[in-house]
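Chains A and B are the protein sequences, given in the same order.
Quick note: the first sequence uses full-length UniProt numbering, first residue 1, plus one each step.
Quick note: the second sequence uses full-length UniProt numbering, first residue 1, plus one each step.
Be a bit skeptical, because a hint or two may be false.
Any copy, or any two copies together, can satisfy a pair, since identical chains are not distinguished.
What the hints assert, rightly or not - In silico DSS-like pairs for lysine-lysine, Cα to Cα no more than 30 angstroms straight-line:
| id | residue 1 | residue 2 |
| --- | --- | --- |
| 1 | K19 | K383 |
| 2 | K197 | K184 |
| 3 | K19 | K188 |
| 4 | K188 | K383 |
| 5 | K197 | K19 |
| 6 | K383 | K184 |
In short, the hints are calculated from the structure, not lab data.
Protein chains: 2
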Amino acid sequence: MTVTTEATGSHPLFAAHEKTLTQALDTIWRRGFWSAYPESPSPRVYGETAAGEGKAAFEAYLGADFPLDQPGDRVATESSPFGLPLDVRYPHTGVDTLLGNATAALPGWRDAGVEARVGVCLEILARLHRHVFELANAVQFTTGQAFVMAFQAGGANALDRGLEAVAYSYAAMTRHPAGAHWEKPQGKRPALAMDKKYHVIPRGVALLIGCNTFPTWNGYPGLFASLATGNPVVVKPHPGAVLPLAITVRYAREVLAEQGFDENLVQLAAEAPGERIAAELATRPEVRIVDFTGSTEFGDWLEANARQAQVYTEKAGVNTIVVDSTDDFAGMCANIGFSLTLYSGQMCTTPQNIYLPAGGIDTEQGHKSFDEVADGITAAVRKLTDDDARGVELTGAIVNDAVRDRVSAAAQVGESVLDSRTVAHPAHADAVVRTPLIRRLTVADDTVYGREWFGPISFLVATEGTTASLAAFERTVAERGALTASVYSTDEAVLAAAERVAVTVGVHLSENLTGGVYVNQSAAFSDFHATGANPAANACLTDDAYVAGRFRIVQSRRHS
Amino acid sequence: MTVTTEATGSHPLFAAHEKTLTQALDTIWRRGFWSAYPESPSPRVYGETAAGEGKAAFEAYLGADFPLDQPGDRVATESSPFGLPLDVRYPHTGVDTLLGNATAALPGWRDAGVEARVGVCLEILARLHRHVFELANAVQFTTGQAFVMAFQAGGANALDRGLEAVAYSYAAMTRHPAGAHWEKPQGKRPALAMDKKYHVIPRGVALLIGCNTFPTWNGYPGLFASLATGNPVVVKPHPGAVLPLAITVRYAREVLAEQGFDENLVQLAAEAPGERIAAELATRPEVRIVDFTGSTEFGDWLEANARQAQVYTEKAGVNTIVVDSTDDFAGMCANIGFSLTLYSGQMCTTPQNIYLPAGGIDTEQGHKSFDEVADGITAAVRKLTDDDARGVELTGAIVNDAVRDRVSAAAQVGESVLDSRTVAHPAHADAVVRTPLIRRLTVADDTVYGREWFGPISFLVATEGTTASLAAFERTVAERGALTASVYSTDEAVLAAAERVAVTVGVHLSENLTGGVYVNQSAAFSDFHATGANPAANACLTDDAYVAGRFRIVQSRRHS
Numbered sequence: 001m002t003v004t005t006e007a008t009g010s011h012p013l014f015a016a017h018e019k020t021l022t023q024a025l026d027t028i029w030r031r032g033f034w035s036a037y038p039e040s041p042s043p044r045v046y047g048e049t050a051a052g053e054g055k056a057a058f059e060a061y062l063g064a065d066f067p068l069d070q071p072g073d074r075v076a077t078e079s080s081p082f083g084l085p086l087d088v089r090y091p092h093t094g095v096d097t098l099l100g101n102a103t104a105a106l107p108g109w110r111d112a113g114v115e116a117r118v119g120v121c122l123e124i125l126a127r128l129h130r131h132v133f134e135l136a137n138a139v140q141f142t143t144g145q146a147f148v149m150a151f152q153a154g155g156a157n158a159l160d161r162g163l164e165a166v167a168y169s170y171a172a173m174t175r176h177p178a179g180a181h182w183e184k185p186q187g188k189r190p191a192l193a194m195d196k197k198y199h200v201i202p203r204g205v206a207l208l209i210g211c212n213t214f215p216t217w218n219g220y221p222g223l224f225a226s227l228a229t230g231n232p233v234v235v236k237p238h239p240g241a242v243l244p245l246a247i248t249v250r251y252a253r254e255v256l257a258e259q260g261f262d263e264n265l266v267q268l269a270a271e272a273p274g275e276r277i278a279a280e281l282a283t284r285p286e287v288r289i290v291d292f293t294g295s296t297e298f299g300d301w302l303e304a305n306a307r308q309a310q311v312y313t314e315k316a317g318v319n320t321i322v323v324d325s326t327d328d329f330a331g332m333c334a335n336i337g338f339s340l341t342l343y344s345g346q347m348c349t350t351p352q353n354i355y356l357p358a359g360g361i362d363t364e365q366g367h368k369s370f371d372e373v374a375d376g377i378t379a380a381v382r383k384l385t386d387d388d389a390r391g392v393e394l395t396g397a398i399v400n401d402a403v404r405d406r407v408s409a410a411a412q413v414g415e416s417v418l419d420s421r422t423v424a425h426p427a428h429a430d431a432v433v434r435t436p437l438i439r440r441l442t443v444a445d446d447t448v449y450g451r452e453w454f455g456p457i458s459f460l461v462a463t464e465g466t467t468a469s470l471a472a473f474e475r476t477v478a479e480r481g482a483l484t485a486s487v488y489s490t491d492e493a494v495l496a497a498a499e500r501v502a503v504t505v506g507v508h509l510s511e512n513l514t515g516g517v518y519v520n521q522s523a524a525f526s527d528f529h530a531t532g533a534n535p536a537a538n539a540c541l542t543d544d545a546y547v548a549g550r551f552r553i554v555q556s557r558r559h560s
Numbered sequence: 001m002t003v004t005t006e007a008t009g010s011h012p013l014f015a016a017h018e019k020t021l022t023q024a025l026d027t028i029w030r031r032g033f034w035s036a037y038p039e040s041p042s043p044r045v046y047g048e049t050a051a052g053e054g055k056a057a058f059e060a061y062l063g064a065d066f067p068l069d070q071p072g073d074r075v076a077t078e079s080s081p082f083g084l085p086l087d088v089r090y091p092h093t094g095v096d097t098l099l100g101n102a103t104a105a106l107p108g109w110r111d112a113g114v115e116a117r118v119g120v121c122l123e124i125l126a127r128l129h130r131h132v133f134e135l136a137n138a139v140q141f142t143t144g145q146a147f148v149m150a151f152q153a154g155g156a157n158a159l160d161r162g163l164e165a166v167a168y169s170y171a172a173m174t175r176h177p178a179g180a181h182w183e184k185p186q187g188k189r190p191a192l193a194m195d196k197k198y199h200v201i202p203r204g205v206a207l208l209i210g211c212n213t214f215p216t217w218n219g220y221p222g223l224f225a226s227l228a229t230g231n232p233v234v235v236k237p238h239p240g241a242v243l244p245l246a247i248t249v250r251y252a253r254e255v256l257a258e259q260g261f262d263e264n265l266v267q268l269a270a271e272a273p274g275e276r277i278a279a280e281l282a283t284r285p286e287v288r289i290v291d292f293t294g295s296t297e298f299g300d301w302l303e304a305n306a307r308q309a310q311v312y313t314e315k316a317g318v319n320t321i322v323v324d325s326t327d328d329f330a331g332m333c334a335n336i337g338f339s340l341t342l343y344s345g346q347m348c349t350t351p352q353n354i355y356l357p358a359g360g361i362d363t364e365q366g367h368k369s370f371d372e373v374a375d376g377i378t379a380a381v382r383k384l385t386d387d388d389a390r391g392v393e394l395t396g397a398i399v400n401d402a403v404r405d406r407v408s409a410a411a412q413v414g415e416s417v418l419d420s421r422t423v424a425h426p427a428h429a430d431a432v433v434r435t436p437l438i439r440r441l442t443v444a445d446d447t448v449y450g451r452e453w454f455g456p457i458s459f460l461v462a463t464e465g466t467t468a469s470l471a472a473f474e475r476t477v478a479e480r481g482a483l484t485a486s487v488y489s490t491d492e493a494v495l496a497a498a499e500r501v502a503v504t505v506g507v508h509l510s511e512n513l514t515g516g517v518y519v520n521q522s523a524a525f526s527d528f529h530a531t532g533a534n535p536a537a538n539a540c541l542t543d544d545a546y547v548a549g550r551f552r553i554v555q556s557r558r559h560s
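The task is simple: from the sequences and hints, build the whole structure.
What follows is the structure, given as C-alpha cells:
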C-alpha cells in the first residue's frame with residue numbers, strides 16, 4: 001500500500017499544456033492582456049467548417065436523450081428564449097447516487113497528484129475549446145445571448161476564466177514543496193533532522209449551482225478550481241440552462257475516462273421541473289464546497305444553511321454610474337448606451353443606477369442639461385436597437401418570464417426616459433426580445449433604485465450634485481452590493497473621491513469609459529470579477545483566495 | 001482628496017526589517033529550519049540582565065492597574081496556576097467603544113499601504129522580542145507552563161509564528177501588482193489600452209478570542225495576519241490568561257503610536273468575571289474576522305452564529321498514537337513519555353489515545369507484551385516526574401479547576417496503568433501540580449476514548465492488532481478530529497497505511513519519533529499547525545489559506 005498524493009514525474013497532459021499554464025500564470029501576476037482561446041468566431045480563426053459543425057452538433061442534441069452515461073430516468077426542463085423547441089432529455093440521477101459516486105471517486109483523484117489533475121483539467125479545457133461552437137450555440141439558445149456574445153462570453157472567455165482558475169489552483173498547490181528536509185542545530189549534539197512530506201488533499205465533494213444567464217462563464221471558475229484541487233464536482237445547472245453545462249460535463253467525463261480516471265469526478269445533477277435539489281445537495285455532509293451564482297435570497301440561504309461547506313456566492317447587486325462631467329460627451333453616451341443594451345441588460349455587471357446632477361453637467365460641448373444627457377444616452381441606445389435585425393445581435397432575447405414581467409413593472413415607476421420596445425426577431429419568430437427601458441427618478445426614490453431590477457432596466461437618478469451622487473453610490477452599494485461601478489468626470493478630485501467610495505464599499509471602478517471597453521466586461525487574467533467585499537458576492541471569483549480554501553495540506557514527517 | 005492604499009516608496013520600518021521578512025518567506029517556501037527569535041533563554045544569548053529585568057517588569061504589573069490607556073473601569077479575573085496572587089487590573093472598555101474605535105481606525109491603516117503595515121507589524125514583533133522575558137513570565141504564571149516552555153512556546157516560538165503570519169500576508173498581498181498596463185490588440189484599429197490599480201482592502205474589524213493555555217502561540221497567527229492585511233484587531237483574552245495578550249496589546253499600541261497610526265488598531269477587550277463578551281463581539285456586524293482557540297462547543301457556536309464574519313477555529317480533538325512495532329523500544333517509550341509529561345498534557349497537540357495490540361509488539365529487544373510496553377512508557381514518565389523539583393520544570397502547573405477535576409474523573413475509567421500524583425511545587429507552595437495519568441481501555445470503550453480529555457490524561461487502548469488500531473484511529477479522528485497523530489512501526493507497509501489514514505481523515509502524522517522531536521511540537525516555517533480537514537479545526541493556522549481571505553482586492557481602471 002502506498003500513498004502517492006504527490007505523484008513524481010510530469011504527467012503527459014501536464015507536459016502537453018505546460019506552456020499554456022505558464023503563460024496564464026505569468027499573465028495573472030502581471031495582469032496584462034492575454035487570452036488562450038481566440039474570441040473571434042471568424043472562419044479565419046477557427047476554419048471554414050467549425051461554425052457549421054458546431055451548429056450541427058448542437059442541433060443533434062435537440063429532442064433527444066443527451067449522451068451522458070449517468071443512471072436515472074430522463075428529464076427535460078429548458079425552454080429557449082429564442083422560442084426554439086429544445087426538449088433535450090438529461091439523465092435524472094438521484095442525490096444519493098451522485099454523492100456516493102463522487103465520494104468513491106475522490107481518493108484516486110487526490111492520489112493522482114497535482115500535475116495529473118492540472119494536466120487533465122487543461123485537457124478538458126482544450127477539449128471544450130474544440131467544441132466551442134457547439135457550446136456557443138447551447139449558451140445562445142438557453143440564455144438568450146446573441147450568437148457572438150454567446151461565443152465570446154459563454155465560450156472563449158469562459159474557457160479563459162476556467163484556465164485562470166486552474167492556474168491559480170496550480171500556483172496555490174505548488175507554493176509549498178511536496179517534501180522538505182529540516183535540520184535543527186543542537187549545539188555540540190547532532191542536529192535534529194527530519195524528512196517531511198506535504199500532501200495536498202481536497203475538502204470533499206464540490207457542488208456547482210449554475211445560473212440561467214452565464215452558465216459557463218460564472219460556472220467554470222468554481223468547477224475548475226474545485227476539480228484541479230482534487231474535489232469531485234457535482235454540476236447542478238439552472239433548469240433553464242442545462243445544455244451548456246451538460247456539454248461541459250460530457251467532455252470532462254470523456255477526458256477523465258480516456259485518462260483512466262473515474263468519470264464520476266464530474267457529474268450532472270439535472271433536476272425534474274420544480275424539484276429544487278440544490279438545497280438538498282448543498283446541505284449534505286459529503287458536500288464541502290458550494291459555488292453559487294443567482295438570487296440574493298437563495299445565496300443568503302446557502303450561506304446560512306450549508307454550514308458544513310465552504311460557500312462561494314455571487315448574488316444580486318446595484319451597479320452604478322456616477323456622471324459628473326466629461327470631455328467626450330458622445331463617447332460617454334455611446335459607451336453607456338452599449339452597456340445598457342448588451343444582452344438587454346441581463347448581465348450581473350450591467351449598470352442600473354445612473355446618478356446625474358439635476359442641473360446637468362459640463363462637457364467639452366459646453367453645459368448639458370439633465371434632459372440633454374438623457375437624450376444623449378437614449379439616442380445611443382436607439383442607434384443600437386432601432387434596426388431590429390442589427391439590434392437583436394446585441395440584445396439577444398429575454399432569458400425568462402421574470403425578466404419580461406419586470407420590464408413591464410418598471411414602466412410604472414418614475415418618469416419615462418426611454419420606453420422598452422417589443423421586437424420581432426427576424427430569424428426566430430417566437431423569440432422574446434425587449435429593448436432597454438430607462439426611467440427617471442430622484443434621489444429620494446431609493447426604495448425603487450435601492451434594489452436590483454435585473455434586466456433591460458436602468459434609472460437616471462437626478463441628484464443635487466456629484467457629492468449627493470457619490471453619497472447615493474456609497475449608500476446603495478454598502479447596503480445592496482454591486483459588481484461594477486463607473487464614474488465620468490474631468491476633475492481628478494472627483495475621480496479620487498469616487499475611487500475612495502469604491503475602496504470603502506469594496507466595488508471595482510471604471511473611470512471615463514468612452515471607447516471600446518465597457519463597464520460590464522472584464523478581462524481574464526487582468527480584471528478581477530466581484531470583490532467579496534460588498535453584499536453582491538462573498539468572494540472574488542478570480543483571485544487566489546477563491547482557490548486557497550478548496551484544499552488542505554496534510555503533512556507527514558520522520559527522522560532522516 | 002487622494003487614495004493611497006498603495007503607498008509608494010519603502011516604509012522605513014519595512015526597510016529595517018526586510019531581511020527578516022525575506023528570510024521568513026524563503027524558509028516558508030523551502031520549509032527547512034529557521035528561527036528569527038532564539039528559543040534559549042540563556043544569558044549567553046540574551047545577556048546577563050535580560051532575565052532579571054523581564055521578571056521585574058512582570059512583577060511590576062502585579063496588583064496594579066495595567067498600563068493601557070483604554071477607557072473604562074478596571075477588572076481583574078486571573079488566578080495563577082502557581083498560586084501567585086496576580087490581581088492585575090485591566091481597563092474594561094465597552095463593546096461599543098471598542099468597535100467604534102476600531103472602525104474609525106480602519107481607513108488610515110488601509111490607506112497606509114502594504115509596506116507600512118507589514119513594517120509596523122515586524123516592528124511590533126521586534127518590540128515584543130525585546131520584552132520576551134516579561135512575556136515569558138506572564139505566560140508562565142497565567143497558563144501554568146514551566147518557565148523554559150513559557151519562554152519558548154509562549155515567547156520565541158510564538159513570535160516566530162507571528163512573523164510567519166506577517167510573511168504569508170505580505171506574500172498574499174503582493175502576489176498581484178499594485179498596478180498594471182493592459183493593452184488588447186484590435187487588428188488594424190488602435191489597441192484598447194487601460195491603466196489599472198489594484199487596492200488591497202481589509203475585511204473589517206478582526207476579533208481574536210484567546211485561550212487559557214497558549215494565549216500568544218495560538219493568538220499571534222491570527223492577530224498578525226489580520227493586522228498586516230489591514231484589519232483593526234480587538235483582542236479578547238481568556239479571563240484566566242489576560243496578561244500575555246495585554247502586554248502584546250501594550251507594545252503593539254506603543255509602536256503604532258510612535259509611527260503616527262491610531263493605537264486603537266489593537267485594543268484589549270478585557271471582561272468582568274462571567275461577562276462572556278466574546279459572543280456579543282463575535283456577532284456584531286462590524287466584526288468580519290474571528291479567530292478562536294478553545295472548546296468545540298463555543299467554536300461550533302461561533303461557526304454557526306458569527307455568520308457575518310470569516311471564522312477560524314481551533315477546537316478539541318483526539319490525538320492519537322498507533323504503536324505497531326519499533327526498532328528502538330527505549331527511544332519510543334522515552335519519546336512518548338516526554339510527550340505525555342510536557343506541560344502535564346495540556347497542549348492541544350498532546351497524544352491522548354495510544355492504540356496498542358493486546359498481544360504486544362515486536363521490538364529490537366524481541367517481543368514485548370502489552371504490559372511491558374505499558375511499563376516502558378510509565379517508566380519513562382516516572383523518570384521525568386519522580387523528582388519533584390525536576391518534574392515541575394517539565395509539567396508546570398494545572399491551568400484550571402476543570403483540568404484538575406478531569407484528572408480525578410479519569411481515574412474512574414478503565415484500569416490503572418499509571419496514577420496521577422499530586423506534587424508539592426518546591427518554589428510555589430500553592431501551585432496545583434499533577435503528574436500524568438494513564439488508563440488502560442479496550443477498543444470497545446470508545447465512549448471513553450472517543451472524546452477529548454484535555455489534561456494529563458491518556459489511554460492505552462488494547463486492540464486486536466494494528467489493523468484494528470488504524471481503524472480506531474480513522475474512526476475517532478474522522479468523528480472528533482485531531483491536531484496530531486503518530487505511528488511507530490518497522491514495517492513500511494504499516495507506515496504507508498497509517499499515512500493513508502492520516503491523509504483520509506486530514507491529520508498531520510509523525511512517524512517513529514524516538515529522539516528530540518516530539519509529536520506535540522511543531523516548527524514554525526516548516527510544520528503546519530492543524531489542517532482544517534477534520535473536526536478539530538476549520539483552518540490551518542499557518543498556511544496561505546489562513547491569510548488569503550483576510551483582505552480583498554478592489555480594482556480601478558481607466559484608459560491610458
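Comparing the hints with the structure gives:
Taking CA atoms no more than 30 angstroms apart as the test, K19 paired with K383 passes in neither setting, with 44 angstroms inside one copy and 60 angstroms between copies. Taking the closest pair of Cα atoms, K197 and K184 come within 30 angstroms of each other only inside a single copy of the chain (17 angstroms); across copies the shortest separation is 43 angstroms, beyond that limit. Only between protomers do K19 and K188 lie at most 30 angstroms apart by alpha-carbon distance; the minimum there is 28 angstroms, versus 49 angstroms within a single protomer. Within a single copy, K188 and K383 get their C-alpha atoms only as close as 84 angstroms, which misses the 30 angstroms cut-off; across copies the closest is 24 angstroms, which meets it.
In this assembly of identical chains, K197 and K19 lie within 30 angstroms of each other by CA distance both inside one copy and across copies; the values are 27 angstroms within and 28 angstroms between. Taking the shortest alpha-carbon separations for K383 and K184, only the inter-copy value of 26 angstroms comes in at or below 30 angstroms, while the best intra-copy value is 73 angstroms.
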